[in-house]
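Novice: The lines below spell out each chain.
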Amino acid sequence: MSAGADKKPAGSAKLPALRLATYAKNTWCPGCGNFAVLNAIKPVFQQLIAAGTRPEDIVLVSDIGCNSKIMDYIGVNSFDSLHGRSIPTAIGVKLANPELTVVVHAGDGATFAEGLEHTLFAAKRNVDLTLIVHDNGVYGLTVGQAGPETPPGYRGRSTPYGSWEEPFNPLELLHVAGASYLARGYSHGKELLKRLYAEAIAHRGFSVVDTLQVCVTFRNLYDYYNERVYELEGHDPRDEEQARAKIREWDYRSDGPVALGTLSVRDRPVFGDQFAEYGPGPVDLDVALEQAFAELT
Amino acid sequence: MDSFSVLIGGKAGDGITQAGSMIAHLLNELGYRLYTYVDSPSLIRGGHNYVIVRAHRGRITAHRDHVNVMIALTEDTLERHHWRLKQRPVTVYDNQTILAASLPSMAHPFRTGIPVKTILEHEGAPSVMRNSAILGALCKAISIPWATLEDVIQRYQPKQTELNLRVARLGYELATEKLLIDLPAGGPRPVMTGLEATGLGLIRGGLKAYAGYPMTPASGLLHYLARQAPRFKLKVVQPEGEIAAMMMALGHAYAGERAAVGTSGGGFALMVEGLSLAGQAELPVVVVLGQRTGPATGLPTYTAQADLHFALSAGHGEFPRLVVAPADVEQAYAWSTFALDAAWRYQLPAIVLGDRTLNDDSQSFDWDAVPRLPRLEPRLWDGVPQKSAEDVPRGAGAGTGAAREVSAAAGVKKAAPIAYKRYLFADDGVSPLAFPGQEGAVVKVNSYTHDEFGITTEDPELTVRMQDKWNAKGFALAEELDALQQVYVYGDPEATQTLVTWGSPTGAAREIGELTGFRIVQPVVLWPFPDRQMAEALEETEQLAVAEGNSRGQLARLLEQRGFAADGRLLRYDGRPWGVGELRRQVEEVLA
Chain S
260 MSAGADKKPA GSAKLPALRL ATYAKNTWCP GCGNFAVLNA IKPVFQQLIA AGTRPEDIVL
320 VSDIGCNSKI MDYIGVNSFD SLHGRSIPTA IGVKLANPEL TVVVHAGDGA TFAEGLEHTL
380 FAAKRNVDLT LIVHDNGVYG LTVGQAGPET PPGYRGRSTP YGSWEEPFNP LELLHVAGAS
440 YLARGYSHGK ELLKRLYAEA IAHRGFSVVD TLQVCVTFRN LYDYYNERVY ELEGHDPRDE
500 EQARAKIREW DYRSDGPVAL GTLSVRDRPV FGDQFAEYGP GPVDLDVALE QAFAELT
Chain H
-17 MDSFSVLIGG KAGDGITQAG SMIAHLLNEL GYRLYTYVDS PSLIRGGHNY VIVRAHRGRI
43 TAHRDHVNVM IALTEDTLER HHWRLKQRPV TVYDNQTILA ASLPSMAHPF RTGIPVKTIL
103 EHEGAPSVMR NSAILGALCK AISIPWATLE DVIQRYQPKQ TELNLRVARL GYELATEKLL
163 IDLPAGGPRP VMTGLEATGL GLIRGGLKAY AGYPMTPASG LLHYLARQAP RFKLKVVQPE
223 GEIAAMMMAL GHAYAGERAA VGTSGGGFAL MVEGLSLAGQ AELPVVVVLG QRTGPATGLP
283 TYTAQADLHF ALSAGHGEFP RLVVAPADVE QAYAWSTFAL DAAWRYQLPA IVLGDRTLND
343 DSQSFDWDAV PRLPRLEPRL WDGVPQKSAE DVPRGAGAGT GAAREVSAAA GVKKAAPIAY
403 KRYLFADDGV SPLAFPGQEG AVVKVNSYTH DEFGITTEDP ELTVRMQDKW NAKGFALAEE
463 LDALQQVYVY GDPEATQTLV TWGSPTGAAR EIGELTGFRI VQPVVLWPFP DRQMAEALEE
523 TEQLAVAEGN SRGQLARLLE QRGFAADGRL LRYDGRPWGV GELRRQVEEV LA
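Protein chains in written order, with my numbering: chain S, 260 to 556; chain H, -17 to 574.
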């Protein structure tokens, strides 16, 4: 489970010829930022497998939107859930079988609008999951409506005269809610994505990688991001003050510099560990049931 | 007396429910079978609470409206429940809060008062112990031996037991004996609520996880399972809401653990998108749905049977489901196990439809009355690579005989071989189950319409085949059910006057059947509807009435759809359950 970037065999680009592809035809637009996510997560899985994780123990849980088609393109266990509900689904999977490596793929609409309550509670509980947010600030698959991370003035079909609402800073919100690993990546920059995804999976607790993933069709921000992103150096993500400052540096509204990398790491108790304390359960269910009936007598 | 009812009433916050439960324990110790009706408004303090504990030598599953023994801690109790007094009742009361003038000897010929405040002061006991004093007085008044009360207090009053015993003893000594009750043979039986029975049934069915957000009348299941969690190694979670609860349960099911959720109508409304997902993704889940008076917040702590059609049709799209509505604790126990088994056997959602009355009132549990139902086994993948008729081998490179899906995307050369198909087509629609972590299986479930492997599709032919597959599971379930008794008949099965009811009113109806000789029919499975068995149960009926707890006759409408038109409807929707006497009067008006 602790297999991360550090366990990658030194200098070896050669991984076992594990076929993680499926026969499904890819239907993302040419230039879509989702390709970068797909091409980053697959080698991370291959690294995990090379380091000893059974491929059968990897589970992807996805949401709804173009991003979530990723389920069809990777030949591992997957659960394509409902819009905004991928996180509680994934929590159930992880609680049922803590041996599984559970990775959630969801968009900003799912994570910060329809399912915001679940995102915040996953952070609060600190379930051992990795959440990869495909954050493009727009609803792509439903053809271009404004989303929770869309800035004011955006003209889409639901906001033909310009959107009104300000986005919020999702990482600040998650930090307050208790997320124990927070990072930001960008779909131009696969190597960084690979590092962050590997780190997030290796981290024990609720890990979020907000991936600025560009929707080329409805909200092409490549130029915008290219001018503003920079990779963090000398930042200590375990220092709460530094972490908070870096998380607040770009508020997803104004034109601040956009830091990429690991923003915050904390050690917190992991939800689900309490169930391990119950021990092995009843040896004989009938005897245990008899005791329960006797208690009610 | 071999049958009687005790009412205790007082202000909410006075521990009336707890006192009622102690009375039930006392009578259970004596060998009576019990039914305890609890009436408590949705508030923590103030208001009026009361409990009726009915004791009988034989099996009972309903309360009676009239009472033989009244325990009054407030004047209010006397006024509200005066109409319930039978002839020659026993009245146990606090003579420092209730004036003797409020107890005319015509209505209360056998009364015994104790000075509760003085007793508490004498023992230096807090006011919450007033119920111990009154229990002592009750025992003296109806000739329950002191030793029985002593034993019950020691077992069920773990806090400050000695002080409670001293207070009770004074109550006992200061009261006078008014009535000699029988002491039936036989020891105590388990006494439980419908939710406790449901919880035990689910545990017997292999429950491993429960997710619940508090809501009356389902919270009792969350509480019970949370308490039982260490013993049975249950993962009990109270998440951020009902939507999350449902989705977590589906996550558990996908990963191979049996899970259930519980809620009332409002919470179920939130779970419905997940119910649809269970249909599409073919994930087993049990929903314990406790009805209360609606719509919306309605009467939170009062009963109803107005969600039958909601349970039958909840969810967008078309998918099979099981809906069972137990009437008593024994049925709740057996059918909850069956619901979980069937959900897993046929990979679909099952709803255990109860109500405030069944869920929260407690009854004696009688092993002889437990319906005998078979245990169903899930169909599991045997690990042998699967092959469909559609598969075309693609040469030696395909791996160790693994089936390989051929799709329009023939250009994909690196696709991994497929050994396991989560949605393999089968005659009865039931595909073998495998779970993440299982050797050799890639388990893909999907909320989108999908192919056998679980990959999203919009292909019209596959869309039809998948829908037909789900429908086939429903037919297979109906066939399995047909071999079991799904419709119970009480009273005189030859009678030409028949009352059909469902869920908790069955308790009162059954007793009416025994008293009057009407035929009483109760379908416990409401979907797939047991047409054949219902027709048999209604054979040679000349006059048919339906009794249920809603304003529109939901079961009557369902029966009519299935070809069984009722001549009369008895509808109750004031939030209160029928007592035996009241229902009998109404039935006799309709079935005249």
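No lab work stands behind these hints, which were simulated from the structure alone. All values reported here derive from a predicted model rather than from experimental measurement. All C-beta atoms, glycine included, are put in the ideal place defined by N, C-alpha and C. A few of these clues could be false.
[To be verified] Negatives, chain H to chain S, calculated, CB over 12 Å:
#, residue
1, Pro91
2, Glu144
3, Ala416
[As the list claims (entries may be wrong)] Footprint (simulated), chain S over chain H, 3 or more residues, beta carbon under 8 Å:
#, segment
4, 217 to 224
5, 417 to 424
Novice: Where does the structure disagree with the numbered hints, that is, which hint numbers, in rising order?
Specialist: 3
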